[in-house]
Amino acid sequence: NAGVTQTPKFRILKIGQSMTLQCTQDMNHNYMYWYRQDPGMGLKLIYYSVGAGITDKGEVPNGYNVSRSTTEDFPLRLELAAPSQTSVYFCASSYTGQYSGANVLTFGAGSRLTVL
Amino acid sequence: EDQVTQSPEALRLQEGESSSLNCSYTVSGLRGLFWYRQDPGKGPEFLFTLYSAGEEKEKERLKATLTKKESFLHITAPKPEDSATYLCAVQATYGQNFVFGPGTRLSVLP
Numbered sequence: 001n002a003g004v005t006q007t008p009k010f011r012i013l014k015i016g017q018s019m020t021l022q023c024t025q026d027m028n029h030n031y032m033y034w035y036r037q038d039p040g041m042g043l044k045l046i047y048y049s050v051g052a053g054i055t056d057k058g059e060v061p062n063g064y065n066v067s068r069s070t071t072e073d074f075p076l077r078l079e080l081a082a083p084s085q086t087s088v089y090f091c092a093s094s095y096t097g098q099y100s101g102a103n104v105l106t107f108g109a110g111s112r113l114t115v116l
Numbered sequence: 001e002d003q004v005t006q007s008p009e010a011l012r013l014q015e016g017e018s019s020s021l022n023c024s025y026t027v028s029g030l031r032g033l034f035w036y037r038q039d040p041g042k043g044p045e046f047l048f049t050l051y052s053a054g055e056e057k058e059k060e061r062l063k064a065t066l067t068k069k070e071s072f073l074h075i076t077a078p079k080p081e082d083s084a085t086y087l088c089a090v091q092a093t094y095g096q097n098f099v100f101g102p103g104t105r106l107s108v109l110p
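Here the protein sequences line up with chains W and U, keeping their order. Counting from 1, one number per residue, gives the positions in the first sequence under the working numbering. Counting from 1, one number per residue, gives the positions in the second sequence under the working numbering.
Rather than coming from a laboratory, the hints here were simulated on the basis of the structure. Using N, Cα and C, we set each Cβ at its ideal position, and we do this for glycine too. Some hints could be false.
To be verified - No more than 30 Å apart at the CA atoms, straight line, and that leaves these computed lysine-lysine pairs for DSBU-like:
#1 W:Lys9 - U:Lys42
#2 U:Lys63 - W:Lys44
#3 W:Lys44 - W:Lys57
Stated by the list, open to error - Computed Cβ-Cβ distance ranges for the label pairs, DEER-style:
#4 W:Thr70 - U:Ala10: 28 to 34 Å
#5 U:Ser107 - W:Gln17: 36 to 42 Å
#6 W:Leu116 - U:Tyr51: 42 to 48 Å
#7 U:Ser52 - W:Ala52: 44 to 50 Å
#8 W:Tyr95 - U:Lys57: 19 to 25 Å
To be verified - Which chain W residues face chain U? A few, computed with CB under 8 Å, are given here:
#9 Tyr31
#10 Met41
#11 Phe107
#12 Gly108
Chain W on its own, in the form it takes in the complex (with noise of 0.2 Å):
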């Protein structure tokens, strides 16, 4: 199995350029989540869904939008580029169940955005 899978792993934009993350997960799982990880912060949740045509802001949504029409697909896209932008993004996944405990993440590789 692949897992969670994200492309492109590096890209540079200029400001005010758009562009979409990809993500993909080939595990059935429900839930999906888009993080950013900036140096010597923790990862902050960007967007996340609960399955297909659902979706739900996290902490620091500004600036970018999702959506969930498959149950295997997660795009992030990000609107008018902003330095404040650059990071890196993590996708993860997770199955969540009635009676699940807490959940376990499954991250992809990261994707590595610069915005000058």
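We have chain W; now place chain U onto it with these hints.
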């Protein structure tokens, strides 16, 4: 507000020199506390989940423990391949978010 802090920020050990990493947390209701390992250029990899105070889990040279306010990751006789950043996270009983600490960067020298 839920918070997680980790100490030290960085730790350098000689091979075989045992030590502990600390994770302090505040959360209104704990669903689970997690330890992840992150290698440079890669995503975090799951190590342990702890659910209640007094619980302990072990995996090879790693042992995680939990109290009502802290968790420790004990590393016994570490090897250079244990070098990585170790992340602690908590999940509250409400909501779906995880609060991550900034991590401890561990270097084990041969």
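Against which earlier hints does the structure fall short, listed by number upward?
4, 7
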